[in-house]
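**Q** When you get a sec, could you build the whole thing from the sequences and use the hints?
One-letter residues, chain by chain:
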Amino acid sequence: MLETAASLVSTTNPGLVLMAAGIIMVFMRGFAPRAAVLVGGPVLALATLLSSGAWGVDLATFDAFGLTLSLYRIDSLSFIFGLAFIIAAAIGGIYSLHREDGVQDGTGMLYAGAAIAAIFAGDLITLFIFWELTAITSVVLIWARRTPRAYAAGLRYLIIQMTSGLLLIAGAALYHNATGLIVFSEMGAVGELPVVSAIDIAEPGAWLMLIAFGVKAAFPLAHSWLQDAYPNSTETGTVILSAFTTKLAIYALARGFAGLDLLIWVGAIMAVFPVFFALLGNDLRRVLSYALISQMGIMVCAVGVGGELGVNGAAAHAFASTIYMALLFMSMGAVMLRTGTTKASEIGGLHRTMPYTTLFAIIGGATIASVPLTSGFAAKSLTMSAVGYDGQMWVWLALLFAAAAAVAHTTIKVPLSAFFGEDRGRRPEEAPFNMLLAMGIAAVFCIGIGVTPRWLYELLPYRDTALDYLNHDLWTPTHLVTQFQLLVFGALAFVLLRRYALYPETTPGMLIDSEWAWRRAAPSIAGALGAALMSFERAFARTARQVGGRIKEHLVQTFAPARGVSRRVPLSSTAIWSAFLLAAVLLIALI
Amino acid sequence: MTGETPKAAPRTPREGEEHPLSLVLFAPLRSAQTPILWGLVIAAIAVAAAGFFVKPGYYFPLESIPVIYGVVGAAAVAITILLSIPLARLLGRPETFYEDSNKTAQQQDEAKAGEATPDA
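Just so you know, the sequences run in chain order A and B. Letter by letter, the first sequence follows residues 1 to 591 of the working numbering. Letter by letter, the second sequence follows residues 1 to 120 of the working numbering.
By construction, these hints were calculated from the structure, which means they are not laboratory data. Here the structure is a predicted model, which is why all the values come from computation and not from measurement. Heads up, the beta-carbon is just placed ideally off N, CA and C, and yes, glycines get one too. Heads up, a few of these hints could be off.
[Claimed, not checked] A few chain A positions that, by computed beta-carbon distances, are all more than 12 Å from chain B:
{"hint": "1", "residue": "Thr61"}
{"hint": "2", "residue": "Gly349"}
{"hint": "3", "residue": "Ala406"}
[Claimed, not checked] Not everything, but these chain A residues come out facing chain B in the computed CB check (under 7 Å):
{"hint": "4", "residue": "Val9"}
{"hint": "5", "residue": "Leu279"}
{"hint": "6", "residue": "Arg427"}
{"hint": "7", "residue": "Leu474"}
{"hint": "8", "residue": "Pro477"}
{"hint": "9", "residue": "Thr478"}
{"hint": "10", "residue": "Thr482"}
{"hint": "11", "residue": "Leu492"}
{"hint": "12", "residue": "Leu497"}
{"hint": "13", "residue": "Arg519"}
{"hint": "14", "residue": "Ala521"}
{"hint": "15", "residue": "Ala522"}
**A** Given below as structure tokens:
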């Protein structure tokens, strides 16, 4: 009996455990039962993950569509992403405890469960199923805000996420047709890398899958869903949203496309362009959304560099940023709960009554800037070194630029705008205890990983390479001094420019981004085309009516009694015409 | 329960409302803009000087330039801030930019519908 139970646990995808908890959560009422499920669900999922069976083999399979699909397959790459997601689910659960909303809590856990299940999917069909499930469940977190703007943003989000899923399944089908492969663990040429292997980019299906992953990873020009949807969610919804969708895409890219050179440049662009939007943003949750895109860019770059150090960098950064971005979003969520807004133009001076939240925001800000002794430093250094060893100087400079700019747009701006800066007279209460607890746990992770990064490095896909880096590169005086130079000079430039009034004051309003193309330009073009078509249709109908009228009139004239065809013709002339026609036919036949 | 979070109306701050932790941690910072600036200047000098006592980075020859990381850091922040000023003018729009455009289109449709059925 015990053996059967142990066997069942070791072959159960941890995501399914969390999804089951999510379904139960919908019906839970009261603080204690909700707390038990919100925290107990991730704990059970963690226990399931830790008691998993052998790595690198399909632990649970089923037959469908004439294929054998793998519901659960685990290796060192999926393990670290799964672990990060379970920790994020637990933190998100604690953070949500103050607000009794079964639908939001339940869909939040279903979303986290679907993302974890997707991480451990062993084939593309299973990945697609959970990929789409993440889209369907996560949109509820946006709609939970229950404002017209949230409904519209949610709808746009859903369309884009579903499109990503369609591209994925289309790509998978094409890829399967061409190569006969459907597994998501040993795709294409299995090279020297034991964990990840590249999808053969020469296949057309591979490109569709790359675009599908890119849409979810917020590639440039496909990114607008992120800063559109996340700030429109509830204060708890944004925290949960920030953890899963984009990191799932990073996992998929690392699994399928590690070492693809194109991704290096895509990542560099992604890292740099959002910093301007982040600096100018008024809504601080939108600022953090852009900061998240910039962080994603660094991860995409690491995936593009590939190799052991690159994949380690992407995995470590994904793990760390899942937690520190959640911490930053949680601090802004607390501000939103207490003041009703996160617009920089409407808040300020909140440190007076929300000191714990202020402190946590500062810790999150320091971590995103990679201050030594934070998880950002331990994680991002791997990527910077991978790019450096790869000899990509311009990309390396771009990533340095993005890292330094983060000092301005997040590390200083977010705490300054919300908690310091101009005092607008708001004296809200400190965040509820559960929120502070969740932020505290995230902050402990941020500093804990920074101070003792060994345990994280031991979990990375290429453990030996990671530990070698830890022992020889991470804590060198050169690395520490150069990192402090980057940060201190960046902060000094910010303070000087602000002192001499060269720093643009945050004003109410928004910045148009690539979404302008499909929210403003496309409808205008479609409207203009529609109007042109309508004019053409009207002109065509008018002409057709006129021509038809004339034909009708002519026919009436021709067939009317005593007119044309109806006129009586003498029999003799008919005979002559018939003979003439017969002669003509004979003549043609003879010739 | 999950509707729009009600906005707390701003009110005049009163004495004694501050959290004790805030007074300990952050009160000294409120009037310390100049000390913060000088602190950063001193820190910048210190880390720049420290750069001369450590081996330069080894990824690119560029790293042998003294204080190159500091230059990149300061330039990155300065470029981001200075470029954002014209960018704000170019891309800045009112908060309801998209909602307004939708409303206008709807109003236009209604106007056209009114023209099409003048008896209505």
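**Q** The structure should be examined with respect to each hint, and the outcome stated for every one.
**A** Checked hints:
1. Thr61: holds, 39 Å
2. Gly349: Gly349(A) not clear of chain B: closest Cβ-Cβ about 8 Å, inside 12 Å.
3. Ala406: Given that some Cβ of chain B is not farther than 12 Å from that of Ala406(A), nearest at about 9 Å, it is violated.
4. Val9: Violated: closest Cβ of chain B sits about 34 Å from Val9(A), beyond 7 Å.
5. Leu279: holds, 5 Å
6. Arg427: Interface hint status for Arg427(A): holds (5 Å vs cutoff 7 Å).
7. Leu474: This interface hint is violated because 14 Å lies over the 7 Å limit.
8. Pro477: Since chain B brings a Cβ to about 4 Å from Pro477(A), closer than 7 Å, the hint holds.
9. Thr478: holds, 5 Å
10. Thr482: Because about 4 Å separates Thr482(A) from the closest Cβ in chain B, which is inside the 7 Å limit, the hint holds.
11. Leu492: This hint holds: Leu492(A) lies near chain B, its Cβ roughly 4 Å from the closest one there, short of 7 Å.
12. Leu497: Since the shortest Cβ distance to chain B is 5 Å, the answer is holds.
13. Arg519: holds, 5 Å
14. Ala521: Nearest chain B Cβ about 10 Å off; hint violated.
15. Ala522: Violated: closest Cβ of chain B sits about 12 Å from Ala522(A), beyond 7 Å.
Going down the numbered hints, you'll see the structure goes against 2, 3, 4, 7, 14 and 15, while the others check out.
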